[in-house]
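Engineer: In case you want the letters, here they are:
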Amino acid sequence: MSAPTLPLDMTAPAAKQQGGEAIRFENVTLAFDDKVVLDDISFRLPHGETKALFGVAGSGKSTILKLALGLMKPDSGHIHVLGEDVTQMSEEALFGLRRQIGMVFQESALFDSRTVRENVAFRLMEEGSVSEDEIDRRVREALSFVELERTVDMFPSELSGGMRRRVAIARAIVTQPEILLYDSPTGGLDPVTSTTIVELIVKQRDVYKTSSLMVTHRLQDAFIMATHYFDRNANKMLPLPKGVHCEVPMAFLILRDGKVIFDGDLDDLAKTRDEYIREYIA
Amino acid sequence: MAAGDFQVPLISPAEFAKEKIKALQDYALLTGQSLANLFRRPLYVTDMVQQADLIGVGSLPIVILTGGFTGAVLALNSASTLSRFGSLTLIAQLVSVGMVTELGPVITGLMVAGRNSSGMASELGSMTVTEQIDAMRALGTDPTKKLVTPRVVATVVMLFFLTIISDLLGLVGGNMVSSFLLGLDSRQYWTSAWQSLVWRDVTTGLIKPVLFGFVISTVGCYFGMSTRGGTQGVGRSTTQAVVVASVMILVVDFFVTKLLITLLGYR
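Residue numbers (this note's numbering), protein chains in the order written: chain A, 32 to 313; chain B, 148 to 414.
No lab work stands behind these hints, which were simulated from the structure alone.
Below 20 Å or equal to it, Euclidean Cα-Cα: the simulated SDA-like pairs (lysine to any residue) are:
| no. | chain 1 | residue 1 | chain 2 | residue 2 |
| --- | --- | --- | --- | --- |
| 1 | A | LYS104 | B | LEU176 |
| 2 | A | LYS97 | B | MET283 |
| 3 | A | LYS97 | B | PRO290 |
| 4 | B | LYS165 | A | ASP65 |
Small disclaimer: the values here were computed from a predicted structure and weren't measured.
Just chain B, same shape as in the assembly (with noise of 0.2 Å):
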C-alpha cells in the first residue's frame, strides 16, 4: 500500500477558525433554543421524567462510590498533613467544606458527564445518522423540543439532587476513615463538618451542579445532533461529549468560583 493513502486533508487556519465559530454558533443556538422551549408548548413532562431515571437513577451506584471514596481518600490525605501540625480535629471541617463547594459538584459532574453526556452524543448521534431526527421533523414535531429540551432540564435537576447525595456520601467516608482509622470522635467529625459549613459553601456547591448539569447535556445533544459521518461518526461525537464536557465542567468551575468569590467575598 503507498504511503499516499493516508494523506490526511489540511484544512486552511481560515477554514479552521471559520468551522469553529460556526460550531460555537450552533451550539449557542441550540442551547438558547432547549430554554425557550420551556416556555413553548407542549411540554414534554413524561420525557422529562423518563429522562430523570434514566441519567438521576441510573447515575445513582457511581455517584455514591465516587462520593464516599473522595470524601474518604480526602481524609486520609489531609490527616498526614494536618497531624504534623496537631490539627487532626481538623479534618471534618476540611472534609465538608471541600466536598460541598468544590469536589462533590466536580467529581459528580464529571462521573455524569461520562456516563450521560456520552449516552446523550451516541443516542441522538445514531438517530441523526439513521434519519430519525428528519423523520421527527417530518412527522411535525421539533426535535430540540422532544429530544434536548427534556435532557436538560432532567440533568439540571438530577444532577442538583446528585450532587447533595454525593456530598453527603463523602462526608461519611470522611467519617469511616477518621473513625475507624484516625480513632477520631465520630460525634465531634459530624459537629465539626455541620458547623464549619456557612450560607456561602452550600450556596456555591449547589449553583455549581445546575450549570455543571446544563454543560453537560447541552454539549452531549450538541454532538449529537451534529453527528455526521454513520457509526464512525456517532463514535467521534461520542468521544468528543465527553472530553468537551469534562473539560467545560472544569473551565466553568473556575469562573464560576471566582466570580462567587467577587460577588460573596472570601470565607
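Chain A extracted, bound-state conformation (with noise of 0.2 Å):
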C-alpha cells in the first residue's frame, strides 16, 4: 500500500529538534514483590532515532514504554525524557510533558464509546485553546495520514485490529509530538497490515523524525524498517539501494534477564559473536 501525500506543516515541529538526546535511561531498576524486571538498565534514544526494543514475553519491555511515559516509577535510577526527569516529576507536572509524547497502545487503548474522531481529536479537545475547525482539520490530517478518512464518524468496536491500531497511530501523532512510543504495533496483525503499519512508522521516521521506541516481538518488521526508507518523491517505503547500510536512523536494543544485553545498529547486530542474540535473530 502507498502512503498518501503528506501535509506539509506537519512535517515541521519534530524536525527541529536535532542532536542531543529525546530518552536517557540511567541504571532504571524495578521489581514487582520479589521479581526483577529491569535491573540497572541504561540506554539512550538520540532525537531523530527509532529504536526496535527486542525481548522474550515479560522481559520488560513495554514496562519500559510505561517507565519513560512516567505511567510507572522505578525502584531506583533516573529516566530523562526531553532533558526532564521523569522520576522526579510530579503527576501533575507528567501531564505537561506527556502533551509532548505519542503513544501507541499493545491494544490500541482506544476509547469504546467515542467516535473516531473524538478519539483522534482527544488531546486537541483536551487542549481547549483549539477551534473546532482547526481540529477537524487536524483529524482528518491525521486520518489522512493513516488513510481512514472514511471511518470519522466510526466507533472502535466497528473497526478491524489493523484499522484500529492505524487510528491509534493517528491519535499518537494528531498533535506532532516529539517523541513516539510503540507497544508491538503490529502484534496480532496479517502480514499485509504490518507491512502498512510498518510503512506508517517508517514514514513518521523519516520525515517529520520524530524519535521513537518501538516494542515489537516480530524481528522482520525492525529488518524492513532497518534496510527500507521513505521516499517522499516516490510517496512509498523502499528499500535502501544496494552496499547502503546503516544510512537510516534505526537501532536495536535487546534484553535478557532485566540487562540490556545488545544496543546499536543493524550493522552491529549483524556482527555480533553472543550466541544468544545469534538464536534470537535467526
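Put the complex together from the two separate chains, hints included.
Structural biologist: Take a look at the structure:
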C-alpha cells in the first residue's frame, strides 16, 4: 500500500530537534514483588532515531515504555525525557510532558464509547484552545496519514484490529509529538496490515524525524525498518540502495533477564558473536 | 480432575491487613483528589452535565417507584398499630417524618447505589483493564479530573434532588393508602404531614443524600479504577462496589443521625 501525500505543515515541529537525546535511561531498576524486571539498565535514544526493543515475553519491554511516560516509577535510577527527569516529577507535572509524547498501546486502547473523530481529537479537545474547525482539519490530516478518513464517524468496535491500530497511530501523531512510543504495533496483525503499519512508522521516522521507541516481537518488522526508507517523491517506502547500510536512524536494543545485552545498529547486530542473540535473530 | 486443582492461595493475616490498609489509603487519596480537582482547571462541566443526566434522569423511574411504594407500605403497616390506639390520624405525621428523615434518603441512596455505583465500577473497570485509563494519562489528561470528579459532583447534586422527589412521592403513596384504603381525609393528611415536619427533620433529610451521593460515587469510582484481572475483575469490582456502597450508606446513616441528634437534639 502506498501512503498518501503528507500535509506539509505537519512536518515541521518534530524535525526541528536534532542532536542530543530524546530519552535517556540511567541505571534503572524495577522489581515487582520479588521479581526483578529491569536490572540496572541504561541506554539512550538520540533525537530522530527509532529504537526497536526486543526480548522474550515478560522481559520488561512494555514496562520501559510506561517508565518513559512516567506511568510507572522505577525503584532506582533516573529517566530523562526531553531533558526532564520523569522520576522526580509529580503526576501533575507529568501531564504537561506527556503532551509532547505520543503512545500507541498494544491493544490500541481507543476510547470505546467515543467515535474515531473523538478519539483522534481527544488531545486537541483537552487543550481547550483549539477551534472546532482546526480540530476537524487536524483530525482529517491525521486520519489521511493512516488512510482512514472514511472511518471518522465510526466507533472502535466497528473497526478491524489493523484499523484500530492505525487510528491509535493517528491519535498519537495528531499533535505532532516529539517522541513516539509504540507497544507491539504489529502484534497479532496479518502480514499485509503489518507492512502498512511499518510503512507508517518509517514515514513518521523519515519524514517527521520523530524519535521513537518501538517494542516488537517481530524481527522482520525491525529489519524492514532498518533496510528501507520513506521516499517522499515516490510517496512510499523503498529499500535502501544496494551497498548502503545503516543510513537510516534505526537501532536495536535487546533485553535478557532484565539487562540490556545488545544496543546498536543493524551492522553491529549482524556482527555480534553473542550466542543468545545469534539464536534470537536466526 | 484432581482436588488440588481448586486450591485457593492462603494469605497471611499480616498480608491481608496490609492489603486492606493499602486499599483504604488508595480510597482516601482518590476521594481527596476528587474534591481537590474542584479547585483546579480544567473543570469538566460538560462531563458533569452528561453524568447528571445519566445518574439523575436515568434513576428517576426507580426512585419514583420505590419512593411511592415505600410511603404506601409505611402507611399500610403503621395503620394497624395506630388504629389499635385510636390514633389513625397520626399516619400522615409518621409517614412524613419517616420518609423525610430516614426512608427517603436511605432508599434512594440504596437504589442509586445499586444502579450507578455498579455502573461506574463496570465502566471505569472496563476502561482500566483495556488500558484506556493509561491511554488517557498518556494523552496528558488526569483521569480523576476527567472521570471521577464529574461523577462525584453529578451524584451528589442529583441524589439531593432525587431524595426530595422520593420524599414527595412517599408522601403521595402514603396519602393514596390513607385516602383510598383507610378512608382518611386527604386535606387533613397533607396538613398534618406538613405541620409535623420541623426544620431539624428537613436538615437531616437533606444532609444525608449529600453524604450518600459522595459515598456512592467515590466507592464506585474507586473499585472501577482499581480493577485488575480482565473481565472477571470487572465483574468482581462491580459486585464489590454495590455491596460496599450499600453497607457504607447504612453505616454513614447511623453515624450522621447520631451526630445530628447530638448537634440538633431530639425533636
